[in-house]
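Participant: Given next are the chains, with one letter for each unit.
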Amino acid sequence: MASTETPIAGIAAPRRADTPFRRFLSDFTDSRLAVLAAIGLAIVILAALLAPWISPQNPYDLAVVSVFDARLPPGSQSMDGVTFWLGTDGSGRDLLSAILYGLRISLSVGVASAAIALTIGMIVGLVAAYAGGRTEGVIMRIVDIQLSLPAVLIALILLAILGKGIDKIIIALVIAQWAYYARTVRASALVERRREYVEAAACLGLSHARIVFRHILPNCIAPLIVVGTVQTAHAIALEATLSFLGVGLPQTEPSLGLLIANGFDYMLSGKYWISVFPGVALLITIVTINIVGDQLRDALNPRLQK
Amino acid sequence: MSVFILRRLLQSVLVIVAMAMIVFFGVHLVGDPVYMFITPDMDQQDIENVTRALGLDRPIWEQFWLFIVNALSGNLGQSFIFGEPALGLIIQRMPATLELAFAALLMAIVIGIPLGLYAGLYPDSVGAKTIMAGSILGFSLPTFWVGIMMIMVFAVMLGWLPSTGRGSTVDVFGIRVSFLTLDGLRHLALPALNLALLKISLVIRLTRAGAREAMLQDYIKFARAKGLSRSRIVGVHLMKNILIPVVTVLGLEFGSLIAFSVVTETIFAWPGMGKLLIESIQQLDRPIIVAYLMMIVFLFVVINLVVDILYSILDPRVRLGDRGQ
Amino acid sequence: MSRETILEVRDLRTHFFTKAGVARAVDGVSFSLARGEVLGLVGESGSGKTVTGFSLMGLVDPPGRLVSGSIRLGNEELAGLLEEGWRRLRGRRIAMIFQDPMMTLNPVLRIDTQMIEAIRAHVDISRSAARERAREALARVGIPSPDERLSAYPHQFSGGMRQRVAIAIALLNEPDVIVADEPTTALDVTIQAQILYEVQKLCAETGLAMIWITHDLAVVGGLADRVAVMYAGRIVEQGPVDAVLDAPYHPYTHGLIGSVPSQNRRGTRLTQIPGMAPSLLALPEGCSFAARCPRADAACKVLPDLLELSAGRTARCHHPHGLVETTVGEDA
Chain L
1 MASTETPIAG IAAPRRADTP FRRFLSDFTD SRLAVLAAIG LAIVILAALL
51 APWISPQNPY DLAVVSVFDA RLPPGSQSMD GVTFWLGTDG SGRDLLSAIL
101 YGLRISLSVG VASAAIALTI GMIVGLVAAY AGGRTEGVIM RIVDIQLSLP
151 AVLIALILLA ILGKGIDKII IALVIAQWAY YARTVRASAL VERRREYVEA
201 AACLGLSHAR IVFRHILPNC IAPLIVVGTV QTAHAIALEA TLSFLGVGLP
251 QTEPSLGLLI ANGFDYMLSG KYWISVFPGV ALLITIVTIN IVGDQLRDAL
301 NPRLQK
Chain F
1 MSVFILRRLL QSVLVIVAMA MIVFFGVHLV GDPVYMFITP DMDQQDIENV
51 TRALGLDRPI WEQFWLFIVN ALSGNLGQSF IFGEPALGLI IQRMPATLEL
101 AFAALLMAIV IGIPLGLYAG LYPDSVGAKT IMAGSILGFS LPTFWVGIMM
151 IMVFAVMLGW LPSTGRGSTV DVFGIRVSFL TLDGLRHLAL PALNLALLKI
201 SLVIRLTRAG AREAMLQDYI KFARAKGLSR SRIVGVHLMK NILIPVVTVL
251 GLEFGSLIAF SVVTETIFAW PGMGKLLIES IQQLDRPIIV AYLMMIVFLF
301 VVINLVVDIL YSILDPRVRL GDRGQ
Chain Y
1 MSRETILEVR DLRTHFFTKA GVARAVDGVS FSLARGEVLG LVGESGSGKT
51 VTGFSLMGLV DPPGRLVSGS IRLGNEELAG LLEEGWRRLR GRRIAMIFQD
101 PMMTLNPVLR IDTQMIEAIR AHVDISRSAA RERAREALAR VGIPSPDERL
151 SAYPHQFSGG MRQRVAIAIA LLNEPDVIVA DEPTTALDVT IQAQILYEVQ
201 KLCAETGLAM IWITHDLAVV GGLADRVAVM YAGRIVEQGP VDAVLDAPYH
251 PYTHGLIGSV PSQNRRGTRL TQIPGMAPSL LALPEGCSFA ARCPRADAAC
301 KVLPDLLELS AGRTARCHHP HGLVETTVGE DA
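Line order of the protein sequences matches chains L, F and Y. For what it's worth, the numbering used here labels the leading residue of the first sequence as 1, then goes sequentially. For what it's worth, the numbering used here labels the leading residue of the second sequence as 1, then goes sequentially. For what it's worth, the numbering used here labels the leading residue of the third sequence as 1, then goes sequentially.
Derived by calculation from the structure, the hints in this document are not laboratory data. Certain hints may be false.
Capping the alpha-carbon separation at 20 Å, the derived lysine to aspartate or glutamate pairs in EDC-like fashion look like this [stated by the list, open to error]:
id: 1; chain 1: F; residue 1: Lys221; chain 2: Y; residue 2: Glu182
id: 2; chain 1: F; residue 1: Lys221; chain 2: Y; residue 2: Asp61
id: 3; chain 1: L; residue 1: Lys164; chain 2: L; residue 2: Glu253
id: 4; chain 1: L; residue 1: Lys168; chain 2: L; residue 2: Glu253
id: 5; chain 1: Y; residue 1: Lys301; chain 2: Y; residue 2: Glu285
id: 6; chain 1: F; residue 1: Lys129; chain 2: L; residue 2: Asp298
id: 7; chain 1: F; residue 1: Lys129; chain 2: L; residue 2: Asp294
id: 8; chain 1: F; residue 1: Lys221; chain 2: Y; residue 2: Asp112
id: 9; chain 1: Y; residue 1: Lys19; chain 2: F; residue 2: Asp124
id: 10; chain 1: F; residue 1: Lys221; chain 2: Y; residue 2: Glu84
id: 11; chain 1: F; residue 1: Lys240; chain 2: Y; residue 2: Asp112
Working from the sequences, and respecting the hints, build out all of it.
Facilitator: Here is the structure:
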């Protein structure tokens with residue numbers, strides 16, 4: 001029976017010799033929910049990108065929109081025989097088209113502000129970690145104070161100061177969110193900075209810029225991606241909230257939040273669709289991004305890798 | 001210990017002064033509020049009179065100095081719209097906001113801790129997984145959207161609860177409160193739950209993480225080895241250790257509850273200071289915006305101090321100023 | 001063994017059902033314990049000695065489970081008890097002391113709270129009576145000014161003092177058996193000696209029986225009456241402590257003793273046991289020590305029985321030291 005050599009130490013599972021990317025892919029696809037969310041998110045992004053071509057009508061073309069079609073329930077037909085699958089809003093726009101256009105605005109604002117905040121936060125975080133000493137102390141103090149205030153409050157203060165507008169809301173979101181990135185980058189940069197190879201690089205006489213960008217930064221990418229994903233969802237939700245409150249985007253830039261706000265008045269009279277469908281679109285966007293972000297965190301976290 | 005508190009106080013004052021500067025100069029960048037009070041039939045002289053009456057003709061530094069001096073005596077300017085002291089208006093609206101925030105805090109504790117505890121004690125159960133999925137949703141759904149859905153479901157479709165206002169109120173020591181009448185409670189239920197949702201999710205996560213960590217500790221196993229009942233282990237040994245981080249975080253989050261009540265109050269037409277802020281922003285009522293922001297910063301600073309004190313009461317290791325290990 | 005037997009463990013098996021397979025942490029352990037006796041349970045980490053201790057307390061958590069075997073405490077059979085039955089027993093008839101005194105006391109509860117609750121979980125007496133008993137227990141384990149110390153928090157005690165408190169808590173309800181899981185490993189040598197002395201005195205005075213789990217042969221030599229050596233979930237050798245340490249039968253015990261520095265053998269080279277303990281998930285067939293054993297041969301592919309090789313001494317080996325090879329046959 002006991003003919004074969006029995007291994008002394010435990011069971012060594014043979015590990016496939018994968019590339020890091022393939023291992024990441026297999027880790028990511030571990031969760032069926034995450035794959036589903038990723039597909040959903042891809043559809044949302046495509047729909048936003050292609051809005052002008054796939055929308056049944058241009059909701060802001062006054063020649064097409066007729067006030068006589070206002071507040072029609074989902075599935076009704078216009079006087080010209082066009083079907084409004086999701087109904088129409090208070091001024092007779094096809095709600096599906098309005099949502100696709102609104103998605104475009106919401107996503108652009110969210111992605112743009114997240115990208116700018118990421119860039120600024122990354123630079124500040126790297127400077128803090130690399131410079132150390134007083135500079136680091138001052139920067140991190142500011143970051144701490146800012147993080148102790150809720151982002152919605154900071155954005156609200158700024159918009160109270162700046163007024164409405166797409167540029168203003170992006171500025172407000174960037175200022176409300178850069179600190180998250182700065183904290184993340186500094187934390188992982190500090191870990192890297194203490195590694196021996198960074199000291200070795202310094203001894204070789206490499207320039208500061210080269211050490212930071214070629215050696216420290218690449219190691220901060222994974223946490224940055226994770227935080228960036230989650231913060232993009234935050235930015236989109238924040239913009240929707242502020243626009244809903246009437247302090248975000250002007251009526252000329254109808255994002256999802258604004259569509260929801262416009263429909264809110266009709267809700268109490270039972271015309272639910274004007275608010276609910278844009279809300280569902282917002283929800284799908286935010287939830288899919290969050291699920292993808294969560295799974296990214298697990299897949300990119302080297303400590304959790306089994 | 002007292003040096004620590006002194007330093008904390010100094011830091012708080014610095015934060016308040018910095019915020020005062022940012023808020024004051026920032027708000028002055030918004031359009032000139034004089035135009036709010038100008039009617040077409042006014043001539044140049046009238047406009048100047050109005051400007052002078054509002055103190056808007058002086059240099060901005062002088063205005064700021066005046067602002068600081070007045071602020072120290074509790075005067076944050078007159079509302080352009082109401083013609084009353086701005087701080088007075090804020091304080092008048094504050095009880096409604098505080099009532100809402102405290103109700104939300106209570107809900108977060110009463111709902112969040114038991115659910116989190118269950119999820120932590122039975123992490124593989126279906127119930128626990130449902131709770132955690134719910135808490136992820138609670139985190140990612142925007143507050144205003146959930147509020148709208150609540151109105152649609154509970155007020156419009158089911159007709160169970162009213163959707164706006166405070167309902168009947170009772171005066172307690174000159175402060176109007178809703179929670180002492182049934183009608184007031186019914187009005188309070190939806191907005192408080194809406195405001196609490198994020199915090200419920202947070203408390204669930206904290207409690208669950210705390211419970212899972214504590215259950216692995218030797219002192220829990222030792223408590224079991226003493227033959228204690230499960231209810232005693234969970235209710236005393238576990239809870240006391242979990243409550244420390246939960247209370248700390250919840251305390252710190254109280255400020256964010258007040259900040260988020262801006263959203264909830266607007267949706268549910270709850271007449272608190274958040275709703276007043278939004279109205280004031282839209283009407284460029286500068287003194288009220290400034291007064292609100294100063295009040296919020298002040299609240300945050302006070303809350304941070306109170307939490308530190310609470311924390312030291314709960315955790316004996318901090319109280320005595322030396323950490324065990 | 002003239003004294004009355006208080007604890008009788010027969011063929012105890014505790015397995016852990018993990019995703020990677022079944023880990024046989026305790027696989028057929030038998031021993032008995034008389035009143036006032038101290039049994040040293042010795043082994044490397046991972047040998048199953050701690051799990052044996054937890055099994056006796058009914059404190060094995062999933063995925064671990066007591067699979068089979070019998071634990072008799074006095075006249076009562078413990079294997080198969082439900083949780084409430086175990087709870088009633090724990091801390092009253094059988095108590096436990098843990099390894100790290102820094103971790104065993106709840107940091108946010110006062111000492112008196114933690115002692116009073118231990119009494120009142122089993123006995124229906126008033127808080128003040130329970131507090132008085134707690135005070136006596138603290139005094140008995142040598143804690144100065146126990147009255148003040150009762151109102152203190154754990155972090156106000158040193159490690160040695162905390163372990164004394166833990167021992168006092170274990171003693172509160174005058175149990176028949178105490179399972180001590182390396183209770184002095186984390187302490188200074190001088191403190192360790194004090195505590196060992198106190199424990200020895202307690203056992204002699206009160207008839208308390210004790211299972212002292214450790215990897216430290218020196219402690220066992222000074223404290224225990226008998227010793228059981230565990231390897232990979234099984235007891236490989238058992239007997240009176242002096243006899244076993246002087247002339248071990250099992251090659252593993254031999255190796256363990258050889259790897260301890262000692263005054264008598266100064267200047268000689270310490271022997272070491274080659275290799276590592278096997279994974280409990282993939283135990284080899286036959287004798288689990290065979291792969292590391294200098295005496296192993298083909299016979300060791302079959303698991304040897306635990307045989308009584310001399311009076312009161314058993315070993316699980318085909319080729320024990322100190323005996324003529326042919327007396328225990330290679331009949332496999």
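Participant: Hint check: F/Lys240 vs Y/Asp112, CA-CA at most 20 Å. Holds or violated?
Facilitator: holds, 16 Å
Participant: Holds or violated: L/Lys168 with L/Glu253, Cα cutoff 20 Å?
Facilitator: Since the Cα atoms of L/Lys168 and L/Glu253 sit roughly 13 Å apart, the hinted pair holds (cutoff 20 Å).
Participant: Check whether the Cα positions of F/Lys221 and Y/Glu84 lie no farther apart than 20 Å.
Facilitator: Roughly 16 Å between the alpha carbons, so the hint for F/Lys221 and Y/Glu84 holds.
Participant: Can the restraint linking Y/Lys301 and Y/Glu285 be considered satisfied, given a maximum Cα separation of 20 Å?
Facilitator: Holds - the C-alpha atoms of Y/Glu285 and Y/Lys301 are around 6 Å apart, at most 20 Å.
Participant: Quickly compare the C-alpha distance for F/Lys129 and L/Asp298 to 20 Å and report which way the hint goes.
Facilitator: Holds, at roughly 18 Å.
Participant: Does the alpha-carbon distance linking F/Lys221 and Y/Asp61 stay inside the 20 Å limit?
Facilitator: The hint holds at about 10 Å.
Participant: Would the pair Y/Lys19 and F/Asp124 pass a check requiring their Cα atoms to be no farther apart than 20 Å?
Facilitator: holds, 14 Å
Participant: Do the alpha carbons of F/Lys221 and Y/Asp112 lie within 20 Å of each other, as the hint requires?
Facilitator: holds, 18 Å
Participant: Given the hint that F/Lys221 pairs with Y/Glu182, test it: the Cα-Cα distance must not exceed 20 Å.
Facilitator: Cα-Cα ~15 Å, so holds.
Participant: Hinted pair, alpha-carbon criterion (20 Å max): L/Lys164, L/Glu253. Please report holds or violated.
Facilitator: holds, 11 Å
Participant: Please work out if F/Lys129 and L/Asp294 have their alpha carbons no farther apart than 20 Å.
Facilitator: The hint holds at about 16 Å.
Checked against the numbered hints given earlier, this structure breaks none of them.
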